[in-house]
Amino acid sequence: MSAFSNIVTILKKELRSYFNSPLAYVLIVIFLLAAQGFAFLFGGVFERQEASLTESFFFWHPWLFMVLAPALGMRLWSEEQRLGTMELLLTMPVAPWHAIVGKFLAASVIIFLALALTFPIWMTISYLGKPDHGVIFAGYCASFLLGTSFLAVTSAVSAFTRSQVVAFVIAVAVCLLLILAGFPPVVQFLNEFRFGEMVAAFGVLTHFNELAKGILVLRDVFFFLSVTGFCLYFTAVVLKSKRA
Amino acid sequence: MIQVKNLTKHFGPKAAVQDVSFEVKRGEVLGFLGPNGAGKSTTMRMITGYIPPTSGEVWVAGLDMLEKPIEAKRRIGYLPENAPLYSDLTVESFLSFIAEMRGLRGADGKKAVNHAVDTCFLGTVRQQSVDTLSKGFRHRTCLAQAILHDPEILIMDEPTDGLDPNQKHEVRGLIKRMGEEKAIIFSTHILEEVEAACTRAIIISNGSIVANGTPEELKAKADGAGAVRFSLEGVAAAQLREEIGKLAAVRSVQVLSQNAQGLRGLALPYPGRGAELGNELFRYAVERKAVVREISPQEGRLDEVFRKITTSDTP
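These protein sequence lines are chains R and G, in that order. Heads up: the first sequence begins at 1 in the numbering used here, then just goes up one per residue. Heads up: the second sequence begins at 245 in the numbering used here, then just goes up one per residue.
None of these hints come from the bench; they were simulated from the model. The C-beta atom is built at its ideal place from N, Cα and C for all residues, glycine as well. There's no promise every hint is true.
As the list claims (entries may be wrong) - Simulated crosslink set (EDC-like; lysine to aspartate or glutamate; CA at most 20 Å straight-line):
{"#": "1", "chain 1": "R", "residue 1": "Lys240", "chain 2": "G", "residue 2": "Glu477"}
{"#": "2", "chain 1": "R", "residue 1": "Lys12", "chain 2": "G", "residue 2": "Asp332"}
{"#": "3", "chain 1": "R", "residue 1": "Lys240", "chain 2": "G", "residue 2": "Glu301"}
{"#": "4", "chain 1": "R", "residue 1": "Lys240", "chain 2": "G", "residue 2": "Glu436"}
{"#": "5", "chain 1": "G", "residue 1": "Lys249", "chain 2": "G", "residue 2": "Glu301"}
{"#": "6", "chain 1": "G", "residue 1": "Lys312", "chain 2": "G", "residue 2": "Glu396"}
{"#": "7", "chain 1": "R", "residue 1": "Lys12", "chain 2": "G", "residue 2": "Glu336"}
{"#": "8", "chain 1": "R", "residue 1": "Lys12", "chain 2": "G", "residue 2": "Asp352"}
{"#": "9", "chain 1": "G", "residue 1": "Lys379", "chain 2": "G", "residue 2": "Asp308"}
{"#": "10", "chain 1": "R", "residue 1": "Lys242", "chain 2": "G", "residue 2": "Glu396"}
{"#": "11", "chain 1": "G", "residue 1": "Lys552", "chain 2": "G", "residue 2": "Glu436"}
Said to hold, decoys possible - Derived list of chain G stretches under chain R, where covered just means 3 residues or more per stretch with a C-beta under 8 Å from a C-beta of chain R:
{"#": "12", "stretch": "294 to 300"}
{"#": "13", "stretch": "320 to 331"}
{"#": "14", "stretch": "543 to 553"}
Stated by the list, open to error - What follows is a list of derived Cβ distance ranges for each label pair:
{"#": "15", "chain 1": "G", "residue 1": "Gln372", "chain 2": "R", "residue 2": "Phe40", "range": "51 to 61 Å"}
{"#": "16", "chain 1": "G", "residue 1": "Gly271", "chain 2": "R", "residue 2": "Gly84", "range": "46 to 56 Å"}
{"#": "17", "chain 1": "R", "residue 1": "Lys12", "chain 2": "G", "residue 2": "His413", "range": "53 to 63 Å"}
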């Protein structure tokens with residue numbers, strides 16, 4: 001049995017779980033309403049008079065994913081521990097990392113779906129003007145990378161606890177810290193002590209904004225991928241230490 | 245098939261399992277007995293590779309669980325305590341998921357699921373969501389999961405917990421049938437289950453094995469084992485009592501009931517002389533021309549042994 005087919009099996013089962021419960025639908029609908037609502041109400045898609053989604057639409061995504069990714073991912077490992085199914089899963093002939101990656105990918109698929117379903121705003125902006133489609137595509141990529149790295153954070157947090165609520169609250173707090181580290185007012189404040197830029201390097205906003213502007217810098221992509229990779233690895237460490 | 249060598253598990257400073265060693269061969273059904281918190285579940289979790297032992301070895305079908313966990317886990321079917329299930333799946337999709345995890349895809353997977361559903365009588369709830377199932381069905385769904393890939397080794401943590409008497413009987417029968425060609429370990433609190441289904445039993449207390457043998461061997465350890473119940477008439481009760489008490493093999497006589505006709509009692513033997521005792525009693529009755537209503541040797545009772553072993557050695 002290859003690692004790949006194990007991961008696909010777990011991914012399929014997780015997706016079925018997500019769509020058998022209202023959770024996936026609810027979160028996707030909330031994301032769609034909020035993402036487009038913020039863009040039109042506060043982002044000023046029309047008032048800006050420019051064919052771009054960077055400032056009006058993608059601007060809000062870190063704040064949306066700060067809440068939605070933990071809501072989506074809080075059940076990943078805390079539910080397994082509460083139900084005791086972790087004992088089933090980890091006595092199957094699969095390596096723990098197959099399960100960790102499979103579950104993470106399933107939740108990522110839902111983030112992908114949610115983002116894909118915002119396509120009307122892309123159509124609208126294309127109808128009204130001549131946007132740079134490359135930049136918009138980059139914005140979507142940035143948003144997906146950001147959402148999935150928040151998911152990975154949630155996966156690691158949920159490995160600590162049997163309670164979904166606790167997992168949610170702590171994951172939101174961690175995501176908020178990651179955002180604030182790159183939030184301009186915070187960076188300015190910290191600059192007075194000369195380490196604003198250093199902290200900002202760990203902030204997701206710094207990297208997200210660069211990417212969303214259409215500047216595809218390897219460093220920023222690498223940042224998100226390494227946050228994701230580290231958090232998934234950390235999930236494995238936590239799960240292992242819990243069983244020892 | 246299963247070899248456990250000097251298995252030890254510490255949780256912090258507390259030793260949950262201490263130096264446990266045993267072996268289970270193909271065709272054996274091993275009953276795992278012990279009070280709550282004795283270390284039964286912890287031992288089973290180590291054998292199935294869920295938690296790593298602090299020290300010691302687990303060999304499954306010739307594979308070292310610590311060195312080759314994936315290969316070893318493939319040979320095992322495991323029913324964890326409390327029968328955990330994914331609550332947002334149907335019975336069918338849950339079992340299909342397990343089949344795929346076990347590498348049974350397509351037609352093989354369908355066949356395996358069908359077989360498991362039939363064996364565990366799940367036909368009526370097949371399309372039902374797991375969280376709407378009654379406890380008995382939940383348990384059997386989890387059991388179906390364990391036997392789905394027809395494993396050589398089955399490990400079950402309280403397989404009959406929460407079942408009604410009919411279902412218990414059914415599961416015991418199933419264990420006994422499967423035990424003919426597999427190696428099975430199951431834990432239980434119910435002692436009659438051990439007599440009904442096991443070829444061998446281990447009693448574990450405070451993390452250590454305190455008894456290991458066939459149910460018959462264990463029963464022989466009971467205080468009452470080898471005693472003979474008798475009921476003689478036609479001789480005065482007091483006389484009977486005194487004279488039987490003087491027989492060579494008799495350690496003491498317990499009176500169960502007495503009346504004008506005679507005496508009903510229990511003759512307890514000196515250790516190891518249970519076999520003589522029956523004969524002596526019979527010869528005595530003939531000699532005294534007493535009417536023999538009953539002379540029956542008693543088997544020890546497993547619950548007596550259990551209580552004796554698991555309470556006496558606690559410091």
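Hints versus structure:
For a cut-off of 20 Å, the pair hint linking R/Lys240 to G/Glu477 is broken: about 71 Å separates their Cα positions. Between R/Lys12 and G/Asp332 the alpha-carbon distance is near 13 Å, which keeps this suggested pair within the 20 Å criterion. In summary, the hint linking R/Lys240 to G/Glu301 is supported, as the alpha carbons are separated by about 19 Å, within the 20 Å threshold. For the given pair, R/Lys240 sits about 38 Å from G/Glu436 by alpha-carbon distance, which is inconsistent with the 20 Å threshold.
Distance restraint check for G/Lys249 and G/Glu301: the Cα-Cα separation of roughly 5 Å lies within the 20 Å cut-off, and the hinted pair is therefore satisfied. Straight-line distance between C-alpha atoms of G/Lys312 and G/Glu396 comes to about 17 Å, which keeps the hinted pair within the 20 Å bound. Pair hint R/Lys12 plus G/Glu336 holds up; C-alpha atoms about 14 Å apart against a cutoff of 20 Å. In summary, the hint linking R/Lys12 to G/Asp352 is supported, as the alpha carbons are separated by about 19 Å, within the 20 Å threshold.
Under the criterion of a C-alpha separation no larger than 20 Å, the hint pairing G/Lys379 with G/Asp308 is inconsistent with the structure, at around 35 Å. A C-alpha spacing of about 29 Å is found between R/Lys242 and G/Glu396, which places the hinted pair above 20 Å, so the restraint is violated. Our distance criterion of 20 Å between C-alpha atoms is met by G/Lys552 and G/Glu436, whose separation comes to about 17 Å. Here's how the stretch 294 to 300 of chain G fares: 3 of its residues keep a CB closer than 8 Å to some CB of chain R, so the rule of at least three is met and the hint holds.
For a cut-off of 8 Å, the count of residues in the stretch 320 to 331 of chain G with a CB near a CB of chain R stands at 9, and the three-residue condition holds. For the stretch 543 to 553 of chain G, the assignment as covered by chain R is violated, since 0 residues bring a beta-carbon within under 8 Å of that chain's beta-carbons and 3 are needed. Here the CB-CB span from G/Gln372 to R/Phe40 is close to 44 Å, at odds with the stated 51 to 61 Å. Restraint check, G/Gly271 to R/Gly84: a C-beta distance of roughly 31 Å breaks the suggested window 46 to 56 Å.
In this structure, R/Lys12 and G/His413 break the distance hint of 53 to 63 Å, their C-beta atoms being roughly 37 Å apart.
Consistency note: the structure conflicts with the earlier hints numbered 1, 4, 9, 10, 14, 15, 16, 17.
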